[in-house]
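Undergrad: Those sequence lines, one after another, are chains Y and E.
Residue numbers are given in this note's numbering: position 26 of the first sequence equals residue 26, and the series is strictly consecutive.
Residue numbers are given in this note's numbering: position 373 of the second sequence equals residue 373, and the series is strictly consecutive.
Hints may contain errors.
Over 10 Å on every C-beta distance to chain E, these chain Y residues come out as not near it, computed from the model [to be verified]:
{"id": "1", "residue": "M54"}
{"id": "2", "residue": "I200"}
{"id": "3", "residue": "V214"}
Ranges of calculated distance between the beta carbons of each label pair, as one might list FRET restraints [to be verified]:
{"id": "4", "chain 1": "E", "residue 1": "Y40", "chain 2": "Y", "residue 2": "I84", "range": "41 to 51 Å"}
{"id": "5", "chain 1": "Y", "residue 1": "L193", "chain 2": "E", "residue 2": "A12", "range": "24 to 34 Å"}
{"id": "6", "chain 1": "E", "residue 1": "H165", "chain 2": "Y", "residue 2": "Y209", "range": "24 to 34 Å"}
{"id": "7", "chain 1": "E", "residue 1": "A144", "chain 2": "Y", "residue 2": "G247", "range": "42 to 52 Å"}
{"id": "8", "chain 1": "E", "residue 1": "R234", "chain 2": "Y", "residue 2": "I145", "range": "51 to 61 Å"}
{"id": "9", "chain 1": "E", "residue 1": "P92", "chain 2": "Y", "residue 2": "L193", "range": "54 to 64 Å"}
{"id": "10", "chain 1": "E", "residue 1": "P92", "chain 2": "Y", "residue 2": "G247", "range": "31 to 41 Å"}
{"id": "11", "chain 1": "E", "residue 1": "R19", "chain 2": "Y", "residue 2": "S57", "range": "31 to 41 Å"}
Looking from chain Y toward chain E, a few residues come up when the C-beta cut is under 7 Å (computed) [as the list claims (entries may be wrong)]:
{"id": "12", "residue": "I236"}
{"id": "13", "residue": "G241"}
{"id": "14", "residue": "F318"}
These are computed hints drawn from the structure, not numbers from a lab.
If you're wondering where the values come from, they're calculated on a predicted model, not measured in any experiment.
No residue lacks a Cβ here, since even glycine has one placed at the ideal position from N, Cα and C.
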Amino acid sequence: MKRTQIKPNQVTFLQRIHVDGPLVLGLLVLMAVGLATLFSATGQDPDQLQRQFMRMSVALVVMMVMAQVPPLAYRRLSIYAFAIGICMLIAVLLFGDMGKGAQRWLDLKVIRFQPSEMMKLAVPMMVAWYISNFNLPPKTNQVFIAFVIVVVPTVLIAKQPDLGTSLLIASSGIFAIFLAGMSWRLIGFLTLLGGAFLPIMWFFLMKEYQKQRVITFMNPESDPLGAGYHIIQSKIAIGSGGLHGKGWLEGTQSQLEFLPERHTDFIFSVFSEEFGLIGVLGLLAIYLFIITRGLIIANRAQDAYSKLLAGSITLTFFVYVFVNMGMVSGLLPVVGVPLPLVSHGGTSMVTLMAGFGILMAISTQKRLLSR
Amino acid sequence: MRKRQTIRDHSAEANLFARRATVAILIVFVMLGIIVSNLYVLQVEQYEDFQTRSNGNRIKVLPIAPNRGLIYDRNGVLLAENRPVFSLELIPEQIDNLPITLGELTKLLPISDEEIENFFATLRGQRRFKPVALKTLLNEEEVARFSAQKHRFPGVSIEARLSRHYPFGSTLTHVLGYVAKINKTDLQKIVEAGQEANYAATYDIGKLGIEKFHEDLLHGTVGFQQVEVNNQGRIIRVLDVEPPQPGKDIVLNIDIELQLAAQRQLEGQRGSIVVTSPQTGGVLALYSSPSYDPNLFVHGISRTNYSALLNSQDRPLINRATQGQYPPASTVKPHLALLGLEQEIITANTTIVDHGRYRLPNVDHVWRDWKRWGHGKVNVTKAIEVSCDTFYYDLAYQLGIDRISEAMTEFGFGDYTGIDLYEESDANMPSRGWKRARFNQPWYIGDTIPVGIGQSFWTTTPIQLTHTVNTLINRGERYVPQIMRGFMSELGTIELEPLKSLRPIVVNEPKNWNIVLDAMYGVVNREDGTAKAAFKDTPYISAGKTGTAQLFSVGQNESYKEEDVAERLRDNAMYVGYAPYEAPEMSITVVLENAGGGSSNAAPIARNMMDFYFRNHSFAPQLSQSDKEVIRKHETHAD
Numbered sequence: 001m002k003r004t005q006i007k008p009n010q011v012t013f014l015q016r017i018h019v020d021g022p023l024v025l026g027l028l029v030l031m032a033v034g035l036a037t038l039f040s041a042t043g044q045d046p047d048q049l050q051r052q053f054m055r056m057s058v059a060l061v062v063m064m065v066m067a068q069v070p071p072l073a074y075r076r077l078s079i080y081a082f083a084i085g086i087c088m089l090i091a092v093l094l095f096g097d098m099g100k101g102a103q104r105w106l107d108l109k110v111i112r113f114q115p116s117e118m119m120k121l122a123v124p125m126m127v128a129w130y131i132s133n134f135n136l137p138p139k140t141n142q143v144f145i146a147f148v149i150v151v152v153p154t155v156l157i158a159k160q161p162d163l164g165t166s167l168l169i170a171s172s173g174i175f176a177i178f179l180a181g182m183s184w185r186l187i188g189f190l191t192l193l194g195g196a197f198l199p200i201m202w203f204f205l206m207k208e209y210q211k212q213r214v215i216t217f218m219n220p221e222s223d224p225l226g227a228g229y230h231i232i233q234s235k236i237a238i239g240s241g242g243l244h245g246k247g248w249l250e251g252t253q254s255q256l257e258f259l260p261e262r263h264t265d266f267i268f269s270v271f272s273e274e275f276g277l278i279g280v281l282g283l284l285a286i287y288l289f290i291i292t293r294g295l296i297i298a299n300r301a302q303d304a305y306s307k308l309l310a311g312s313i314t315l316t317f318f319v320y321v322f323v324n325m326g327m328v329s330g331l332l333p334v335v336g337v338p339l340p341l342v343s344h345g346g347t348s349m350v351t352l353m354a355g356f357g358i359l360m361a362i363s364t365q366k367r368l369l370s371r
Numbered sequence: 001m002r003k004r005q006t007i008r009d010h011s012a013e014a015n016l017f018a019r020r021a022t023v024a025i026l027i028v029f030v031m032l033g034i035i036v037s038n039l040y041v042l043q044v045e046q047y048e049d050f051q052t053r054s055n056g057n058r059i060k061v062l063p064i065a066p067n068r069g070l071i072y073d074r075n076g077v078l079l080a081e082n083r084p085v086f087s088l089e090l091i092p093e094q095i096d097n098l099p100i101t102l103g104e105l106t107k108l109l110p111i112s113d114e115e116i117e118n119f120f121a122t123l124r125g126q127r128r129f130k131p132v133a134l135k136t137l138l139n140e141e142e143v144a145r146f147s148a149q150k151h152r153f154p155g156v157s158i159e160a161r162l163s164r165h166y167p168f169g170s171t172l173t174h175v176l177g178y179v180a181k182i183n184k185t186d187l188q189k190i191v192e193a194g195q196e197a198n199y200a201a202t203y204d205i206g207k208l209g210i211e212k213f214h215e216d217l218l219h220g221t222v223g224f225q226q227v228e229v230n231n232q233g234r235i236i237r238v239l240d241v242e243p244p245q246p247g248k249d250i251v252l253n254i255d256i257e258l259q260l261a262a263q264r265q266l267e268g269q270r271g272s273i274v275v276t277s278p279q280t281g282g283v284l285a286l287y288s289s290p291s292y293d294p295n296l297f298v299h300g301i302s303r304t305n306y307s308a309l310l311n312s313q314d315r316p317l318i319n320r321a322t323q324g325q326y327p328p329a330s331t332v333k334p335h336l337a338l339l340g341l342e343q344e345i346i347t348a349n350t351t352i353v354d355h356g357r358y359r360l361p362n363v364d365h366v367w368r369d370w371k372r373w374g375h376g377k378v379n380v381t382k383a384i385e386v387s388c389d390t391f392y393y394d395l396a397y398q399l400g401i402d403r404i405s406e407a408m409t410e411f412g413f414g415d416y417t418g419i420d421l422y423e424e425s426d427a428n429m430p431s432r433g434w435k436r437a438r439f440n441q442p443w444y445i446g447d448t449i450p451v452g453i454g455q456s457f458w459t460t461t462p463i464q465l466t467h468t469v470n471t472l473i474n475r476g477e478r479y480v481p482q483i484m485r486g487f488m489s490e491l492g493t494i495e496l497e498p499l500k501s502l503r504p505i506v507v508n509e510p511k512n513w514n515i516v517l518d519a520m521y522g523v524v525n526r527e528d529g530t531a532k533a534a535f536k537d538t539p540y541i542s543a544g545k546t547g548t549a550q551l552f553s554v555g556q557n558e559s560y561k562e563e564d565v566a567e568r569l570r571d572n573a574m575y576v577g578y579a580p581y582e583a584p585e586m587s588i589t590v591v592l593e594n595a596g597g598g599s600s601n602a603a604p605i606a607r608n609m610m611d612f613y614f615r616n617h618s619f620a621p622q623l624s625q626s627d628k629e630v631i632r633k634h635e636t637h638a639d
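Chain E extracted, bound-state conformation (with noise of 0.2 Å):
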């Protein structure tokens, strides 16, 4: 530089680096600038937003599941609980060696190697601090077997939730239902009814009888935990707990002791028998016989047991209580008698002569009355008492279609009844027009005929049976029957179901019903009465009526013989009553499917159960002095 550098003005070039680094100082603070108002874009007005998103990050609300209502019957006894169910859990970060971990398992309890391939399954798509479950549904040995070696097995550990049991099985399968795991369609109704948060961390969802049905009551609120979050989802404390609300415990007018002896009475039999208050329409008991045990579905049936429930022959999945279509027979006649009587086509004096036989002018066709010889001279009282068929083909043709099937309908025979249970079918009351839509055929005079005796295409559930005799009891009253009595309020009292009432049935004349009731009486009581060998020498007084519906059509001029018919064709045995007779508790409605004639073998079950009842809620076996009266009131008018 000495060589090149002839002059050099030093204070010129310090002069010229002085502006330079005053021109570099100025550009430092503007783009100091534009970063700090960036900044103060990001941290003064955008903060809300990214203290949101920051929490956003930081803070998971975890749903903690209600524990579900439980379930009594009327006198307190559990009938649904929730009961812990033990699994086996690991969290793989703290197990140092799974292989080992998982062998020495293998030795201590019974494991699959299905089991160790879910759980490898479960385990790839899981965060190492998640717990994954290896073994699910231990059983109390199992529990104890693991608890005694567990200092061996860091990282992995017995986690117990509850789930629903039922005590008492098969027993109220058709009532209560049971509960099992959410399903797709589940969750899409969940989603429709804008529950989603709600069941949030449900495991089960009622999927029949009552748990279905009061789910919303059973079911709860769900908690919520508010919980710090890191990057990995893991949990490093929790901010905030809102803790669930259990799901209402609900009691059931069900009595478990009536039930269990119903379940005694169908053993080995196809039915059903539904006991009723008919003051308040409260459902006793409901049993419907074949059941199956409901515990097999809460964790899921196996495809086996599916199948088999499914595909017998017995169809145990059917409530038949509610959802079996059975013709009244001749269960009805006492409704029949009671408009012939409003519509004044008969008296309570009217007679007719039964020969057996019941002809219409210039038709061929013969109706026979089940006793072949007839019963002779019959009024209104004594069709009912010895289930005088022609007579009721007389009043059938004279009332004609339209008239019953109005009536009828307002009795509620061919609708739905409104129990608590999804699981019920409405039916069917023929008319005219059902037949021209089912059939797209007019209705003939012939289909009135047996119209009479509770046959030609009416149909009926045993409980809408049982609602419309309890209309019959209550004198026009109806009450909708409900199995549910009411749930335990906060301060443990039990807040009782309000009663349904349904439009009563108005009639002209009130001393009809005593006519009806009457000869229900008769049909129990008096000498030719269908049920008075079913019911012979009870402790209390009875009235009913019975039922023999005819499944099998029999040719014109054979005679019906069990023996002969198959036996899925055979008769159904059915009996409809209540006790006691002046001041009805009970009623009771019994249908066996192809057990032949209501009285022999649908009655003596009926009264079983009647017994059982007045045993059970102490009825003074010896007669009261006002029982003693109306029987000898009855006597004198039967005369």
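Next up, chain Y with everything else stripped away, as it sits in the complex (with noise of 0.2 Å):
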């Protein structure tokens, strides 16, 4: 339409990709970290590395897979992908595949899949899609249909049961509706509503293990060798590396063994033992910056679909890193979330790297569609 306008000098190699320079640096960095931490975190064992290495170049491909496709094209998948997504997460929960105590996986012969890392990206999506429909902001009987979107799949997702993935895809849908202009009144009273239901979630749908964990999040040291175990040790792996860190491969609670899931959701403890304050706030800058940059890009879109969809990605990066940091120094409650694109494990990683091939797509695509 306004191609014509843009010289073809003006655009970069980067571009031409469709790939965001600043997006990506924030990206490979923020790997670069976690290979060397995951590399502490597993006793530094060589084959783990190699394999993580490989998870990552496999979600850097999808990545730019996912940034070539054109904004408009995302938009047409929108509702599909949240239909199939919608019928696998029931399929799930009739014949899924029960691992570690939960249904997560379905098994399709030729790939295991988790439906629900699709629906981190098919439901704000969706939510997009349905909001861009009209004038922002959503009036309120579009924001409640809104709100039924995202329950519907969340829902499903606790019911598996994914605690962590349920909240990071109703935060997605969230994060749309709250972007496209949501009044604050409406928030005020659903927070409300949402405060009123915390009583009944607990009363009623909230399954024993899920309890124990809130319990123990309460008071951890009320059960120092079971279940506060987890906590306990992740404070004090945290705790004791102060300032400056007891030094990469030098964390005494990691290499030792004595905190659990160090490899997985308690990575952030390792890195914090062996890299201090000091290095957690290096680490906080770099998910800042990539966080920023998301921000911007969504800022930048054109449309109202690409912008909503931009800034949900975003912010749902944010609270993988909020929640991960937040449960082990004992601010959260121990949900299953990683620490995005440090924490050891192929699925989240493959997801969050789809997202942010969205963004690039939205990033660089919009000047090349739009001007």
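From these two lone chains plus the hints, build me the complex, please.
TA: Take a look at the structure:
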């Protein structure tokens, strides 16, 4: 349409391959830090390091592929992705594989698949699609329907049960609604409603092990060798790291295996122990850089759908960071949320990078398309 | 959307989004601020607390047991040593197939089902990298047999631990005692003494004898190893080692040769021999018969063995030398003579005529002399030499129980000598108060008379008797008998234990000592002396006193016939003596239970011991000039 206004020499190489320079730089730095931390957290296991490196490579390829897709295509795909996702979530509940006591996997013979991961993207896409159909800010009834779109998959995932993912998915949808300009009065009202809902959740919806986690979170010292052990050891690791940290590969809590789940959910404790508060501030700076860049991309996006989707993906990424750091340092109850791009594990990394691929698509393709 | 949204204000929407995005980034900052301030609290404000807890996780302090001090005799002969004992230990995580390994081991070594059962019981409660003992106390042949095959058994090894061994076995049991595994009672005492840390790695503790009495000296100070462990407790590396300080090696006054001689002398008899050095109180030999092998107790005595010892009629567990309570009988006549002389009830020239019977005015009871027809005219000296009872009946009567009791208590009768053994009894010096308290009866005059011959509720222990005889020899100076001579200092010299003197006995007339000691000389060396026969032709000059303690009351008109009396009711034979007379080096007490008369049974054993002592101590067999003078002097004195 307005493509002719852009001179060919203004299109950089990165733009041509649909990569946002600052964002990819932030992500690569974060991945490097992640690899170094993982190497320490696995007790210096080169095999694990290699496998994580492979996962990162795959995730980067996925990101690149996602970046090539025009945002308009995402917009058209939204409703289908969401509908398929919902069907698969139901299928998981009915036929899913058990893994660690929760039904999360759908065995499609060829690949084992976690539909909830797909929903991390499908839900914000769907909400953004729905809301962007109307003028912003959305009206109350539109907000209500948007909430229904969020709540259905959230409940389905929570029933698997996977509290962490359902929390992330709920946030991603809510962020889209929030960014769309949902009125503050409604926000206030819903917050109160949510507060009133908590006791109902406690008594009717939460499973025993989930309640136990919350109790442990409130007072980890009540059961120092049982459920409280994780969080106590994690706090010891973080606290004993002090300002400067014990040094890379020198964290005694992690190297001597006092810290449980140290290469997955509790990898931040390893990082804090070895690099101290100064290292943590550096890590937070990287995260903050990525988040800021994501919001800038969202803000520069031309259409409402792209803005809402980019903003939602970015803020959900922050929720990962906040919940993970909060839970390992004792601020939040332990729900299974990894530290993005640092924790061991492929599935969530691929999803995250796919999200960043969409961001890059929005970032690099808008000018080509809209100006 | 084209249908429904007629007008769409893109810039207003962009502004709205920008405002919301700004709010969002502010919220992000606020929430990161919460994270950071929480981390600040953890990592800066509470840093020291968490660092302490982190170190508490990873650093463990493992105690290292000190080696127990050795025990030597006065000539440096090793009496208690630490020997390695071997046990076969398995580290489960290093063994691929436990049942096969156990099967192979059973073929190689005699391993009982019980041992395998115990092994599995221990295994269940332990980490897989911690060694578990399968068989303990392997002998050297078994160790060799396994060592040759060791390569076939990865994860199986022979471990050595030091354990106490008493090379002289039963010879020294009542002196050394023994060590054995720390039990609940011991642990309680350790805790009360605030010594838990010091005993953290210690396996055995002194249970009896010197091992118990000098436990503090022998034990040493625990060492520590500071190690880094992982969450399983596996040791990753050693951070710091503070080596333990071994216990002090101690040297006893005991002369093992003399001790062995004592054992030989008492073989097959119940009784005890105590040999001391009167000048120091040092105990040269102390043997109680029968004895038992202390090594049985070190590794836990079997129930059968223990009940055999416990139930034996001969009561081998009792240390007769320090716990055996016997009427002192005539051995205390010198002490009483001294008291009589001091109280001026008798003089050296006071004589009585002994017809073999003693009566009190207006009392029907007759007290017999051991010699039926009596000794005739006796003075104090002769009364000791021939052990005239009548003289002492009368002396006791005249002294009265109060004076006797007070003076004999001063000598140390009825009280602990303070020897370095916890196994000591105080025996009994009777008094009016004692009888009132014990029997709720008044003291009768008839009770006093036999006190004159060391009977009538009066009991003593062999060590106590020796102690009082030493007081006579030292003319009132008193030293606590001590088994320990000293301990080895770090420089390798002997740090001598200081002499422990007690309040001396002060006499009004020092010549009285001479009278009494001369009478003891007479017992051995003069014609009528009760030990004259036993000590015939000794190459040294000794002095002494015999004693025959009645355990069985003979009826008033009966005569005592040994063969009629049950063996356990027969008289105890006693002898106290010392030599050389002029410069005493050693004093001896011999007590033989139910052996009969002192002069015929105990005195010969005392003589054998003295012979042995002086032969071993290269005492010049030829009498020196001074010795001859001594003899001459005494012969003139005796007239």
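Undergrad: All hints are to be evaluated individually against the structure, with a verdict given for each.
TA: Going down the list of hints, with the structure as the test:
no., hint, in the structure
1, M54, "29 Å, holds"
2, I200, "26 Å, holds"
3, V214, "18 Å, holds"
4, Y40(E) <-> I84(Y): 41 to 51 Å, "46 Å, holds"
5, L193(Y) <-> A12(E): 24 to 34 Å, "29 Å, holds"
6, H165(E) <-> Y209(Y): 24 to 34 Å, "59 Å, violated"
7, A144(E) <-> G247(Y): 42 to 52 Å, "50 Å, holds"
8, R234(E) <-> I145(Y): 51 to 61 Å, "59 Å, holds"
9, P92(E) <-> L193(Y): 54 to 64 Å, "58 Å, holds"
10, P92(E) <-> G247(Y): 31 to 41 Å, "35 Å, holds"
11, R19(E) <-> S57(Y): 31 to 41 Å, "39 Å, holds"
12, I236, "5 Å, holds"
13, G241, "6 Å, holds"
14, F318, "5 Å, holds"
Consistency note: the structure conflicts with earlier hint 6 alone.
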